[in-house]
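2 protein chains.
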Amino acid sequence: MAVKQFDDLTERRLSREDIFKGRVFGVHVDKVRLPDGRSSTREVIDHCDGVAVLALDQENRVYLVRQYRYVFSRVMLELPAGKLEPGETPAEGAARELKEETGIEPEVLFPLGRFIPSCGCFSETLHLFMARDLKLGDQHLDAGEFLNVELLPFDELYHRCMDGEIEDSKTIIAVLKAKELMQRG
Amino acid sequence: MAVKQFDDLTERRLSREDIFKGRVFGVHVDKVRLPDGRSSTREVIDHCDGVAVLALDQENRVYLVRQYRYVFSRVMLELPAGKLEPGETPAEGAARELKEETGIEPEVLFPLGRFIPSCGCFSETLHLFMARDLKLGDQHLDAGEFLNVELLPFDELYHRCMDGEIEDSKTIIAVLKAKELMQRG
Chain W
1 MAVKQFDDLT
11 ERRLSREDIF
21 KGRVFGVHVD
31 KVRLPDGRSS
41 TREVIDHCDG
51 VAVLALDQEN
61 RVYLVRQYRY
71 VFSRVMLELP
81 AGKLEPGETP
91 AEGAARELKE
101 ETGIEPEVLF
111 PLGRFIPSCG
121 CFSETLHLFM
131 ARDLKLGDQH
141 LDAGEFLNVE
151 LLPFDELYHR
161 CMDGEIEDSK
171 TIIAVLKAKE
181 LMQRG
Chain D
1001 MAVKQFDDLT
1011 ERRLSREDIF
1021 KGRVFGVHVD
1031 KVRLPDGRSS
1041 TREVIDHCDG
1051 VAVLALDQEN
1061 RVYLVRQYRY
1071 VFSRVMLELP
1081 AGKLEPGETP
1091 AEGAARELKE
1101 ETGIEPEVLF
1111 PLGRFIPSCG
1121 CFSETLHLFM
1131 ARDLKLGDQH
1141 LDAGEFLNVE
1151 LLPFDELYHR
1161 CMDGEIEDSK
1171 TIIAVLKAKE
1181 LMQRG
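Same order as they appear, the protein sequences are chains W and D.
Each step along the first sequence adds one to the number in the numbering used here, with nothing skipped, and position 87 is 87.
For the numbering used here, add 1000 to where a residue sits in the second sequence, where the first one is 1.
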């Protein structure tokens, strides 16, 4: 078979044009130098990093939020999640978002790793956590935030991730990783 | 605990402003009516759907591509993937992208489900496939496409997904789902 190999894949920025600065994300377009010396453009969405939390209670049930996702014109069932605030560590952001959306304050919060949702053009990295030993308090939704909290047995959630009923990346990755870690014991 | 419940979470479009139409994505901002009757804005990135393929050879090795991801200023190791072309089914797009990027033509291609990378503002859905019974042919990279093909044992790839070395969502989801399906036999 004929397959090329490149020694250096780096693309170098030549110039930048700022296109949009919104409330949620920004857009810029860079002119870049490709590995073969030619030039091209790279369209980039600037989005801050975020967190998501798999909060598991004593009966192995997971706290989920059902939210209307305007881009897809439907409600989706997802792990509690949100954007990191400036200066916040991922663990701090995870605890804050979990408390705001569900009222839960966990005694134990440990990382399930991070991932990049769409590495081609979207700059977000998401940090995943598992929460245990949950204390239930009051929810504090942001203004303009509407969601319903639902409890689902972990095994049921796992099957919904495997069979395609759950389509949200952060929920699928956190649940499948947690399943593996639980099986290891 | 005090947790609100909403009967109808639907957000309704009031008006639209087109912001940007790029080569890779577009951006629009909609004014919407929230469930409580107030109005807000929704920033949306329009991106076509895509495909990714976990191609496994006779020795249980996976074909990966190492690409420079400009948004993250580094190379990343990922499954072969790409955007669907107009009129193409996900399976057709998966076969085409696999052939273009690695030269592989599979005898067997079956779905591993689909997922939404970032449901809050990014309209892309990604369709995952597993390929078996691989024939090796010639690669046909797009103009301006630079990548290196690498073979990695499936178990090594699985561990890199679990330990956080692989951060790409499509690669993690396809590998963890495939691992579960292989364990079921």
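In case anyone wonders, no lab produced these hints; they're calculated from the structure.
Ideal placement from N, C-alpha and C gives every residue a C-beta, glycine not left out.
Check each hint, because a few of them may be wrong.
[To be verified] Which chain W residues face chain D? A few, computed with CB under 8 Å, are given here:
(1) Gln5
(2) Thr10
(3) Glu11
(4) Ser15
(5) Glu17
(6) Gly37
(7) Glu85
(8) Arg160
(9) Ala178
Verification of the hints:
1. Gln5: Because about 6 Å separates W:Gln5 from the closest Cβ in chain D, which is inside the 8 Å limit, the hint holds.
2. Thr10: holds (6 Å)
3. Glu11: holds (5 Å)
4. Ser15: It is violated, given that the least Cβ distance between W:Ser15 and chain D is near 14 Å, above 8 Å.
5. Glu17: violated (11 Å)
6. Gly37: Not OK, violated: W:Gly37 not within 8 Å of chain D, min 12 Å.
7. Glu85: violated (16 Å)
8. Arg160: violated (11 Å)
9. Ala178: violated (11 Å)
Violation of the numbered hints given earlier is confined to hints 4, 5, 6, 7, 8, 9; the remaining hints are satisfied by the structure.
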